[in-house]
Amino acid sequence: MRSNETGPGSGSTADAALLFLRVAASLLVLAVHGLPKLLHVRAQLAAIEDPLHLGAPLTLGFAIFAEVLCPLLMIAGIATRLAALPILAVTVVALTLVHPHWSLEQGQFAWMLLILFGTVAIGGAGRHRLRWPAIERDRP
48 MRSNETGPGS GSTADAALLF LRVAASLLVL AVHGLPKLLH VRAQLAAIED PLHLGAPLTL
108 GFAIFAEVLC PLLMIAGIAT RLAALPILAV TVVALTLVHP HWSLEQGQFA WMLLILFGTV
168 AIGGAGRHRL RWPAIERDRP
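Residue numbers (the working numbering): 48 to 187.
Errors might be hidden in some of the hints.
Label-pair ranges, simulated between beta-carbon atoms [stated by the list, open to error]:
| no. | residue 1 | residue 2 | range |
| --- | --- | --- | --- |
| 1 | Leu161 | Pro83 | 19 to 25 angstroms |
| 2 | Thr60 | Phe109 | 17 to 23 angstroms |
| 3 | Phe67 | Asp97 | 33 to 39 angstroms |
| 4 | Phe67 | His100 | 37 to 43 angstroms |
| 5 | Ala94 | Thr143 | 15 to 21 angstroms |
| 6 | Gln155 | Leu86 | 24 to 30 angstroms |
| 7 | Leu177 | Trp149 | 34 to 40 angstroms |
| 8 | Pro147 | His175 | 35 to 41 angstroms |
It should be emphasised that the hints constitute simulated quantities derived from the structure, not laboratory data. Given the structure is predicted, the values throughout are model-derived calculations rather than measurements. Think of the CB as a built atom: it goes at the ideal place given N, C-alpha and C, for glycine as much as any other residue.
Could you build the full structure based on these sequences and the hints that come with them?
Here is the structure:
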């Protein structure tokens with residue numbers, strides 16, 4: 048049973064915090080990574096690292112999916128936990144395969160993304176989200 052309180056630690060405060068977290072983190076990824084890739088696809092195809100040897104088009108396609116579509120889903124609160132996973136995957140690949148030589152200081156932005164989207168993956172969307180009755184049954 049949930050409380051109707053609005054003070055610190057209440058459901059509405061936690062829901063507001065989850066909304067702020069997922070929107071702020073998603074806008075950050077969109078601005079810094081997603082939109083530049085989307086706007087400069089040709090240049091990105093020539094420059095993108097392909098550590099898993101999937102080919103530049105597939106690697107770039109997955110990166111754009113993870114850094115454009117998934118943040119938009121998270122902003123709306125649609126499939127939030129699931130949408131956080133591709134961003135986490137791209138970030139882990141970047142840290143472990145593309146830039147394994149980075150110090151903690153050099154990789155701090157990537158580590159911050161892991162913390163932010165890991166928290167979103169654990170916490171979900173909260174109550175402030177678009178509701179899709181066909182896929183959300185029995186959710187508060």
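Against the structure, the hints:
In this structure the supplied range 19 to 25 angstroms holds for Leu161 paired with Pro83, their Cβ-Cβ distance being about 20 angstroms. In this structure, Thr60 and Phe109 break the distance hint of 17 to 23 angstroms, their C-beta atoms being roughly 36 angstroms apart. For the pair Phe67 and Asp97, the beta carbons lie near 35 angstroms from each other, so the given range of 33 to 39 angstroms is met. A beta carbon spacing of about 39 angstroms between Phe67 and His100 agrees with the range 37 to 43 angstroms that was offered as a hint.
In this structure, Ala94 and Thr143 meet the distance hint of 15 to 21 angstroms, their C-beta atoms being roughly 20 angstroms apart. Between Gln155 and Leu86 the beta carbon distance is about 25 angstroms. The supplied range of 24 to 30 angstroms therefore holds. In this structure the supplied range 34 to 40 angstroms holds for Leu177 paired with Trp149, their Cβ-Cβ distance being about 37 angstroms. Checked against the hint of 35 to 41 angstroms, the C-beta distance between Pro147 and His175 comes to roughly 38 angstroms, which is consistent with it.
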